[in-house]
Each structure stands twice: as C-alpha cells, then as structure tokens.
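Engineer: I would like the entire structure built from these sequences, with the hints used as guidance.
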Amino acid sequence: MLARSPERRSPGPLARAFSRFLLNRAAVAGVCIATPMLLLILSYPLWWAFRPNDIDLLAMNSGPTATHWFGADGVGRDVFARVLEGGRISLLVAVASTALSAVIGFLFGAISALAGRWTDAVSMRFVDLVMTLPPVIFLLVLASIAGTGIWPTVIVISLLSWPLLARMIRSRLLELRERDFVLAARGMGAGIGHLLFRHGLPNSIDILVVYATLQIANAILLEAGLSFLGLGIAPPAASWGNMLNAARSTAVLEQYPWQWLFPGAALILAVLAINFIGDGLRDAFDPRAELN
Amino acid sequence: MLVALSMLIFLLLRLTPGDPIDAYIDPNLPMSPSDLADLRRSLGLDQPLPVQYLGWLQQALTGNLGYSIKRLDQPVLGLVLSRIGPTVLLMGTALAFAVVAGITFGVIGAVRRNSLADLSLSVVALAGISSPAFLSALIGLYIFSVRLHWMPSGGMLTPGEEFSVSDLLHHLILPAALLSVAQAALIMRYMRASLLEVLNQDYVRTARAKGVREFWVISKHALRNALLPIVTLIGSTIGLAIGGAIFIESVFNWPGMGLLLVDAVQTRDYPVIMGATLVIGTCVIVVNLLTDITYAVVDPRIKVG
Chain A
153 MLARSPERRS
163 PGPLARAFSR
173 FLLNRAAVAG
183 VCIATPMLLL
193 ILSYPLWWAF
203 RPNDIDLLAM
213 NSGPTATHWF
223 GADGVGRDVF
233 ARVLEGGRIS
243 LLVAVASTAL
253 SAVIGFLFGA
263 ISALAGRWTD
273 AVSMRFVDLV
283 MTLPPVIFLL
293 VLASIAGTGI
303 WPTVIVISLL
313 SWPLLARMIR
323 SRLLELRERD
333 FVLAARGMGA
343 GIGHLLFRHG
353 LPNSIDILVV
363 YATLQIANAI
373 LLEAGLSFLG
383 LGIAPPAASW
393 GNMLNAARST
403 AVLEQYPWQW
413 LFPGAALILA
423 VLAINFIGDG
433 LRDAFDPRAE
443 LN
Chain B
22 MLVALSMLIF
32 LLLRLTPGDP
42 IDAYIDPNLP
52 MSPSDLADLR
62 RSLGLDQPLP
72 VQYLGWLQQA
82 LTGNLGYSIK
92 RLDQPVLGLV
102 LSRIGPTVLL
112 MGTALAFAVV
122 AGITFGVIGA
132 VRRNSLADLS
142 LSVVALAGIS
152 SPAFLSALIG
162 LYIFSVRLHW
172 MPSGGMLTPG
182 EEFSVSDLLH
192 HLILPAALLS
202 VAQAALIMRY
212 MRASLLEVLN
222 QDYVRTARAK
232 GVREFWVISK
242 HALRNALLPI
252 VTLIGSTIGL
262 AIGGAIFIES
272 VFNWPGMGLL
282 LVDAVQTRDY
292 PVIMGATLVI
302 GTCVIVVNLL
312 TDITYAVVDP
322 RIKVG
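Protein chains in written order, with this note's numbering: chain A, 153 to 444; chain B, 22 to 326.
Hints listed in this document are in silico derivations from the structure and should not be mistaken for laboratory results. Think of the CB as a built atom: it goes at the ideal place given N, C-alpha and C, for glycine as much as any other residue. Treat the hints with care, as some may be off.
Stated by the list, open to error - Here are some chain A residues pointing at chain B (derived, C-beta under 8 Å):
(1) L281
(2) P286
(3) A295
(4) M320
(5) R324
(6) A376
(7) L381
(8) L383
(9) L396
(10) S401
(11) I420
To be verified - Residues from chain B that keep clear of chain A, each with C-beta distances beyond 10 Å, as calculated:
(12) Y74
(13) A138
(14) V186
(15) S187
(16) A214
(17) L261
(18) F268
To be verified - Using C-beta positions, here's what the derived DEER-type ranges look like:
(19) T315/B - S171/A: 40 to 46 Å
(20) T315/B - F278/A: 50 to 56 Å
(21) A178/A - S136/B: 15 to 21 Å
(22) M340/A - M22/B: 39 to 45 Å
Structural biologist: Written out as structure tokens, the structure reads:
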C-alpha cells in the first residue's frame, strides 16, 4: 500500500472536472464567446441610446451607420437594440423552459426508477411515445394549442424536452437504487422524498448540469424556429426567430440583409458557444474521458 | 404504438378551446343555443371522450380523416395525400445528396486524418450541424438565388409553363441540397469515426501485410465494415430531416406536407393538423421498422427476435 501524506491530498472530483474543463480548448472558447454576449445582452439598456421599439423615421431601412451600428428595420427601429432584446427574450425562454423541463424530467425519471415495476413500465412507454414523433412536429401540434407569447412558448418547449432527461435520470437511479447506502436508507425507513432529494439529486447533479447547458442551446433553437414560423414570440416583441421571419419577404432578403444577417449570426454564435460549453462539461464530468 | 400515438394527438386536440361546431358553423347564422346543442348531440359531441375516440378511429381506418375547416369541403385525406409526393421527392433527393456527400467526405477525413482537408471538413460539418435549417435556407436563398440568380427562389414548378422534368429539377436542387446539409454533416462525422475504428482492426493490418493495394484495403476491407453503423444512422436521421423539411418547405414555398402542416397550425385547422401528424408519425414508425430490418439483413450477426 502506498502511504499518502495528508498535506498532499489529490484534488477532489469537482476540482478535477474543473481542470479537465479548462484543458478543453473548444469549451474555453465557448465561455469566451458566451460571457461577453451575456454581458452585452444584460447591460445594453444602460449604455445604448435606442430602445428596441423606438422608431427613428429618418433611419427607415438604413444600413449600418455610426448611430445605428446594425442599421435599422422597415419602420425605423434600431436593429442592434432589437438583436440584444431578442437575446434577452431567447435567454429568458431558454432558461425558463430548461428549468421547467429539468424539474419534470428529473421527477418523472426518478419516480419511474424508484416507484416500482408497474409505474416504471407505464411511464417509460409514455416516454417512448412522446419520443416517436419528430420533435418539430410535436412542437407544432403543441404550439397550435398553446398559441403565441413568451409563456406558451416556454411551456411548449419544456413539454417537448423532458423525456430525454427522464431516461438518463432513470438509468442513473436504477443503478443507484441497488447501492448499499441507498439500501441502508430504505432499511431505516426513508420515504421516497428522502431518497429522491437526499440521494437521487446529489448523485445525478452532473447529468442535470450537462443536460441544462445543452438544453439551453436547444431551446434557443426551438424558440427561434417557432418564432420563425410565426408561432413563438409574436411581434412587436423582438426575438431572433421573428427577426429572421422578416427575411421571408423578398425585399428584406434582397435589399436589407443587415436586418436578418445580424440576428442570424447572433443565433449561431450563441448556440455554438453554449454547445461547446455543454460538450466540455460532459467530457469533464465523465471519468472515462481521462482514458482517452 | 400507432394507436397510442393517435390517442395522444386526439386528446391533445380535444383539449383545445372550442369544438368543431364553433369552428364549422358561421357565428352570424341565426341559431339558438338549443339548436347548437341538438346539433352537438346528433354529431355525438356530447358523448364521453373514449366513445368519441372510437368513432373517430373507426372512420380513420376506413380512410375518412374528416374535412378541413379552412378549405371547406376538402377531405383531409386528399389534402394530405396530394402533399406526400413533393415531400418524398424533396426528402429523397436530399437523402441521396447527404449519403453520397457524407460518405465521400467521411472517407476523405478518415484517410487523410488531421490533414488540412480533414480539419476544414470538420469545421464545415460542425457549422452544418449547428446552424438551424431555416437559417441555412435563408443564407442559401440569399447567395444562390438573390445574388447569383442561379436558382429560382421558391415553388416547385414555374407557374404558367408546361410541366417539364428540367424545370422541376431546377426548382428541386437548391432546397434539397440545403436540406441535406445537416444530415450530410452528421453522416460524415460518424463515417469518419467508424472508418478510423475499422482501420485499426487486425484484418486491415493483415490485408496490408499481404500486399493488398491501399485503395482496395480502404474500399473493400475497411469501408464495407465501416458502413454498418451508418445504416442505422440514416434511419435515425429521418426524424431530423422531417423537422428540417418543414422549415425548408416553408422558406421555399415547396407544396409538401411541411407547408401543409405549418399552414394548418397557423390557421388552427385541427383536422388537418391531426391528419398530417398521423401520416407523418406512421411514416416515422415504418421507417424505424425498415431500418431495424435492413440492419439485420446487412449484418448477419444480428438476429431478429
């Protein structure tokens, strides 16, 4: 046996995961893109002269200039302000829907794993069923029922996204259920609430963090897609998707490319950056990554 | 599975506010609430949901999916069927593009590993996977149709002209190519990884050792084995492609299922939504089944059952 001196303890799993994350160049690049974007989006009302719905009639359809960095749209609204406001709404929708779907997914997966065979079979068939349809189709059906607006969009996206998490949580907890400390807890009469939140939650926190990161990128894309089809965030509220929707008119597409190129670029940058971070987190949390 | 799917959709759509009477009957017609109630009773709308579902299922199985609310007197089945052809054409062409491009580039990436070509292909693939279909459709439309004037900007045929295959192809190439980008990128990534894995196998080393030319090693010994996982991948990207097709069809005004569904959702035309979803769901289930069967045929190690 190797004696281990107490001063030089090997770093704990979180510290090791963190250092692995820093070694991943793509993930660090993701952080470097996402952080300034986040700061811009959150702080722009403090220093930018225009509000997203201010109308500057003289600047109608003008290209990028010193006053309007990204140009102005068909009714003279500042595109820079609208891109940042769209970012706020996208982020709000993404974070809210991710939180909601994480709660649903965790509870569904955990109950399915811990509440016995019948519950498990029924709920997993239900998950299979929801996952049969291509997500976009399901999204459209739900959106046709829920209507437009921020909160219907949030609900639609979260209703669509939880099954994947439920599956991952279930398989993690099925394994955990057989561990000795869980058996001990059950033997001492722990209820399902205790098992869920004292043992289940801390032991699946890595799955939840990775899911949440990747799901935020996914939700931004879904929101943009819905708004693009005119079903998500309705104008005059700004959203990257409904700004791209404007490009479906040939005049905007041909003559005023800044009105749709900038929101499009913001969308791609944000999604790429968040995906890099999510992939980096997944590799960092996965102990097998060290072997590769 | 299909029955459960239809139940789910039926329930979801019955949760919507209002019922078919509100949708079909013009509110300006002079009808008293009791008349409306009589009408509801004669149509069976006052019966419990399971009974309504069974009635609907019975009709659906005989091919009656009801009538569109917005386009009066058009049966849903006819509407849906008339849209299947264009969508299958679009998706089939896109799939062919994706398979050819994905496999070719994947092989190049694996054979010339870490070369400039490999790295640039990987970057392009990453961009292809992460840019949503509607954005790549807009960019493609802008470059090829607005700036270069190579391609028409939408529709399936030039209106007012006689049908000709070349006209159809001219309209088809751009949307199909754009639709195939995401799929091709995915296939390329898997193809590269799978071929790299196979190239490390002993039988490849054996083939090289006995003096087989490098070209034959790749194309005969390695490629065949590396193609196996790609077969399932193609099946599972169909769902992705259907999602992409909805956006592409809506940008290019392609008269397919996706456009029908989007129009129906925008006008809240529930019978059409229900019919289109059911047909798409059926297709996905059938494709998944076919994929499993193909996999068993291609790989004799897998036994069905």
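Engineer: Each hint should be assessed against the structure and marked as holding or not.
Structural biologist: Here is what the structure says about each hint:
no.: 1; hint: L281; result: holds (5 Å)
no.: 2; hint: P286; result: holds (4 Å)
no.: 3; hint: A295; result: holds (6 Å)
no.: 4; hint: M320; result: violated (18 Å)
no.: 5; hint: R324; result: violated (23 Å)
no.: 6; hint: A376; result: holds (6 Å)
no.: 7; hint: L381; result: holds (6 Å)
no.: 8; hint: L383; result: holds (6 Å)
no.: 9; hint: L396; result: holds (7 Å)
no.: 10; hint: S401; result: violated (12 Å)
no.: 11; hint: I420; result: holds (5 Å)
no.: 12; hint: Y74; result: holds (16 Å)
no.: 13; hint: A138; result: holds (20 Å)
no.: 14; hint: V186; result: holds (27 Å)
no.: 15; hint: S187; result: holds (24 Å)
no.: 16; hint: A214; result: holds (13 Å)
no.: 17; hint: L261; result: violated (7 Å)
no.: 18; hint: F268; result: violated (7 Å)
no.: 19; hint: T315/B - S171/A: 40 to 46 Å; result: holds (45 Å)
no.: 20; hint: T315/B - F278/A: 50 to 56 Å; result: violated (28 Å)
no.: 21; hint: A178/A - S136/B: 15 to 21 Å; result: holds (20 Å)
no.: 22; hint: M340/A - M22/B: 39 to 45 Å; result: holds (42 Å)
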